[in-house]
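Peer 1: If you read the sequences in order, they're chains A and B.
Take the first sequence: its position 266, counted from the start at 1, is 266 in my numbering, and no numbers get skipped.
Numbers in my numbering are just positions in the second sequence, counted from 1, shifted up by 306.
Since the hints were derived computationally from the structure, they do not count as laboratory data.
Treat the hints loosely; a few may be bogus.
[Claimed, not checked] Computed footprint of chain B on chain A, listed as stretches where at least three residues anywhere in the stretch have a Cβ under 8 Å from a Cβ of chain B:
no., segment
1, 35–42
2, 122–133
3, 239–245
4, 265–274
5, 281–288
[To be verified] Computed from the model, here is a short list of chain A residues facing chain B with C-beta under 8 Å:
no., residue
6, A20
7, A25
8, F32
9, S46
10, S47
11, I50
12, V111
13, I116
14, L140
15, Y144
16, L251
17, F277
18, V291
All C-beta atoms, glycine included, are put in the ideal place defined by N, C-alpha and C.
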Amino acid sequence: MAFAVQSNKTGAPRTRRRPAHTGIAWLFLAPFAVIFVVFSAIPIISSLAISVTDMRSADLQTPFGVNFAGLENYVALLSDGNFVRAILNTLLFVVVGVPVTMAVGFALALVLNSGIRRFRSVFRGLFYAPVVTNIVSVALIWQYAFNQNGTVNEVLANLGFAGPNWLGDENLAMPVVILLGIWRNFGTAMLLFLAGLQSVPEDVQEAAALDGAGPWRRLWSMTIPLIMPTTLLVSVLLSVFFLQVFDEPYLLTNGGPLGSTESMALFTYHQFGFGNFGVSSAASFILLLIVAAVSALQFRLLRSRS
Amino acid sequence: MTSRLRPAVLYTALIVLALVTILPFIWVISGSLRTTSDIQANPGAWLPSEVTLDNFARLFSRNGFSTFLGNSVIVAVVIVIGNIIAASMAGFALAKLEFRGKRIAFAAVLIALMVPFSATFVPQFVVTVQLGLVDTLAGIALPSLVLPISIFIMRQFAASIPDELLEAARIDGANEVRIFFQIFLPLAGPAVATVTIMSFLASWNNFIWPLIVAQSADSYTLPVGLAAMSQAAQNVTDYGLVLAGAVIVMLPVLVLFLFLQRYFVQGIVSTGLK
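If we strip away everything but chain B, and leave its shape as in the complex, we get:
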């Protein structure tokens, strides 16, 4: 296969496809740097006629946008910490401990992974109302506090640690809690990195659940706030403002991805899931 196909043709095809793929990113960024009058005069233009940061300045001086950003950050931090702690505990138990109900516990992880969100969000909302957590950041974060995918990643990693290592510690009299903290966790760096990235991504990009739980602008996360802003902006066609918002929402993930591609890839491939 390799030697017969001309590399030049392949590279050209790849470059063209890559450009088409990232076109939306280029549009978002170039649009966010254009003035409102420029956008209205040439809506379809590719590049700004003059570069301005005015849209970003207006964005941050607007009421609400900093709140959305702050909410998104708080929810993401809570979810990432929750996933690191709870998923490493659960993954370790599922991979390295023998206990009653192990099959049930594993089946629960699979069910949590497989059942479509759209099939359960109504009762999830009812539960959230009963807990008094509607329109709160806690209500947004709680269901994602231990994602099944994080447990999968941790379980996979724990399974790769040789049993002899843990057995030796047990013979020396260490209990499971000590083994977890002193042997498992120090080795788990790469898995923790993958879990951090996957859960950050899940939290930062989550749209439908915050859309349902957040009822007032005070508890909107960035994507929900941006969607609301864009619906409002369509009447006044203030695209510059909305595109600047889009850049702020995209940027953290793209920067993380640029530097930590390896962990993203690991997260996907090790579980076969998003």
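So that you can see chain A by itself, here it is in the shape it has in the complex:
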């Protein structure tokens, strides 16, 4: 018996070119599979399920005792001015934040790739540092800097201007929150663009230069089309980050003043905090749909253009 098993083991790989390792492979995948089922698969499915119930935090011990509410939560959400405001705030965040972050990241990547010869990795490190830094620490200092008596207003006072209370102003809080999002993410854009630029062959550039194409012309007609796949990747990634924005408004303003910086993710969190699990799940499912739609749309647009 033992002999038969053994000969089978050593014989199998030689008879079939690609042996099936189903048992051992799933053994290797078991830890991931367990975590995935418990913390991704079940939550994704139950997120949808909870969103059509009237579940509240009081129902946590008896999650199957809740009532079916149909699309009530969705209908209520879409007629809730606060939620609509959160959608608009989130879109503003994306529409302003993504292009600016990409432009800054691209310009820096361009300069680091071909503008300078020395200290490249020093600059790359400095520009990337915000990405790895803990957001709680950074938000603290932004609060401190944009305070009524903070450093920003100090600088403005020296220039002869009276600075406003940035984070307490309904119109000024959002720009500060967006600025923090840009500051925190442009390093990622830079790094990915840098990798994209490094894959553009030098000799193509040189040939174009010999043919008399100036630097801007080469940038516009060669570099930008050649790195289109990178641009696609960066724009999708950043849109997905910015759509889910939570940390920046939570830490700087907690969505205020008067809901002017409340994002969809923050709205979801606040509803969760109030114990409205059904409403919260419905809101997060709408966010999930928007994230999926934006990714799909961006892939299509950029594909057809390139």
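Got chain A sorted already, so can you dock chain B onto it with the hints?
Peer 2: Using the frame of chain A, we list chain B on its own:
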């Protein structure tokens, strides 16, 4: 492009931009070294009028702060070890083994990577409650025990190992477990380093999930504890204390980053993700 633009202009622009970028770091560090009265007298000043470590001393003598620090370290160690072991196994299987359900397994990794956290945290919390892990460090660490990005890094690395090497071992009678331990793992050093850094970063900087799971100060991690401290401190405007806390939270990652920039960059570029 290169020859036409003046390097001097570019360097100046880069230096100015770099300074603006790291300004918040300078503020945090200089603020943490100022006395409370100095901060209250000149809230917007750039440099301390006198340097003091008093804020750090007060921070560590406070109840709770050492607990937050300890919790963050425990959670990070568990998550890093979990990711190294489980992701190298999963990455090896996905890149080098032929098996039934491979497409499903790969789709699962992609789904885990793509689905926004904000879309699933309510049911994740419900699951955590059902498991009895609310307000525990296990509850904080468990969902990040095998991050999809770690599997990606490992899978990418495993794919770069030539099949012939594994095939030769198979012909010599080695089974997949031996191949994994004796051939794959010894070669996987750089990938393990990248996974270590990426998962440490994810754990150390994670904010929203610990914020949800930790209900009492005993299970706060550093970022959650710091956020709570700062909300409390706003009433008494003890900025020095909070900024000292901010320095402690930032420092480990910045030091790691300074020395291991290469691995950070690899982690980002190889997967195109944070």
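Peer 1: All the hints need checking, so say for each whether the structure fits it.
Peer 2: So, going through the hints one by one against the coordinates:
With 7 residues having a Cβ less than 8 Å from any Cβ of chain B, the segment 35–42 of chain A passes the three-residue criterion, so the hint holds. Judged by the Cβ-Cβ criterion of 8 Å, the segment 122–133 of chain A is covered by chain B as claimed, because 11 of its residues qualify and three suffice. Only residues whose beta carbon comes within less than 8 Å of a beta carbon in chain B count, and the segment 239–245 of chain A has 4; three or more means the coverage holds. By the rule of at least three residues with a Cβ nearer than 8 Å to a Cβ of chain B, the coverage given for the segment 265–274 of chain A holds, with 4 such residues.
A count of 5 residues in the segment 281–288 of chain A with a Cβ less than 8 Å from any Cβ of chain B is obtained; the coverage claim is therefore met, three being the minimum. Interface hint at A20(A): satisfied, since its Cβ lies 6 Å from the closest Cβ of chain B, which is below the 8 Å cut-off. Here the hint on A25(A) is kept, as its CB sits about 4 Å from the closest CB of chain B, short of 8 Å. Given the 8 Å rule on beta carbons, the hint for F32(A) holds: about 5 Å separates it from the nearest Cβ of chain B.
Given hint, S46(A) at the interface with chain B, holds; its Cβ is 4 Å from that chain's nearest Cβ, closer than 8 Å. Among the interface hints, the one on S47(A) holds; its C-beta lies about 5 Å from the nearest C-beta in chain B, closer than the 8 Å criterion. Of the supplied interface hints, the one on I50(A) holds, with its beta-carbon coming within about 6 Å of a beta-carbon of chain B, less than 8 Å. Evaluation of the V111(A) hint against chain B yields a held restraint, the C-beta minimum of about 6 Å falling below 8 Å.
Using the Cβ-Cβ criterion of 8 Å, the hint placing I116(A) at the interface with chain B is satisfied: the shortest such distance is roughly 6 Å. For L140(A), the interface hint holds, since its Cβ comes within 8 Å of a Cβ in chain B; the closest pair sits about 5 Å apart. Interface hint at Y144(A): satisfied, since its Cβ lies 6 Å from the closest Cβ of chain B, which is below the 8 Å cut-off. With a cut of 8 Å, the hint placing L251(A) at the interface with chain B holds, because the nearest CB-to-CB distance is about 7 Å.
Among the interface hints, the one on F277(A) holds; its C-beta lies about 6 Å from the nearest C-beta in chain B, closer than the 8 Å criterion. Taking 8 Å as the C-beta contact cut-off toward chain B, the hint placing V291(A) at the interface holds, the least distance being around 5 Å.
Violation of the numbered hints given earlier is absent; every hint is satisfied by the structure.
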